[in-house]
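Asks: The chain contents come next:
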Amino acid sequence: MSSVRALVAGHGTFAAGMLSAVEQITGRTDLFLGVTNHDLSAADVEALMRERLDSSGATVIFTDLPAGSCTMAARRIQRERPDLAVVTGVNLATLLDFAFHDDAGDVHAVEHAADKGRASLVVTGGPRGA
Amino acid sequence: MALELYRIDDRLIHGQVVVGWGQPLDLGFIVLVDDEVASSDWEQELYRMGVPPDMDVYFDGVEAAATNLERYQDDDRRGLLLTGDIDTMTRLVDSSDAIRRVNVGGIHHRPGRTQRLRYVFLSPSEEEQLRALAGRNIEVTAQDVPAARPVPLDELLAGNGS
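Chains as they are written, first to last, in my numbering: chain A, 1 to 130; chain B, 1001 to 1162.
Pulled out of the complex, with its shape left as it was, chain A reads as follows (with noise of 0.2 Å):
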């Protein structure tokens, strides 16, 4: 059975490049799969997460942008597959707190992953801080 938990889905190389930095901390190249929307139509971006999910067995879609394609297209899905999680506005520690939580079943996985997510954006100086 594959090891593939969820798709990593945005636009440009951004799966790709996710992935990529998914690895170089993990090690781990099997829990994710990318699909990249880049000049494919809304009818193509749906197929093809389709065929991933199909294919993989994957429960869940994290997407980079709530108005991007691939967001449109994973709520499409969704609507047939309510057992599906969407995340939108995906960074690297949402992916990597899911990488290494998979004891409990991806839905608590994934909702322990957008908490981790959001609170890893901070900012610091800029002129607030001067």
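Simulated from the structure, these hints should not be mistaken for laboratory data.
C-beta atoms are modelled at their ideal positions from N, C-alpha and C, and glycine is treated no differently.
Examples of chain A residues toward chain B, derived with CB under 10 Å:
1) Gly10
2) His11
3) Leu40
4) Val45
5) Leu65
6) Pro66
7) Ser69
8) Thr71
9) Arg76
Go by the hints and put chain B onto chain A.
Replies: What follows is chain B alone, placed relative to chain A:
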């Protein structure tokens, strides 16, 4: 302020529109013209979820959009009007003289279409529709994002996908 851009994009509302154009144009609203979306609450909710709370989205069929166009033009905020295909934009142009420029922002691969730019694929009838728009003194250019060069129609139609 009025409508800054009349765009044909088969992804409708997506990152390039909301962020790529939305930020530099300081968009206050988007008019999504599509008969199918205009008749589906679920589709409208889907697209609305992708848009920041300070940006309004209006969903019109072609007929309603033609009626409302003057009001959108008079809006104090900047707006972008969006159709998912050339046919819908042509029908809108048929109903209003307000549209003087059309932006081809993204028409992707489908059987029967030839690739003209990286992000534009056109069938012979779609090319004819674009020529017809230009023949009505409408400036038709292709441009996916604001930082890209607007590609004139003649150059677009002579393109080979590069």
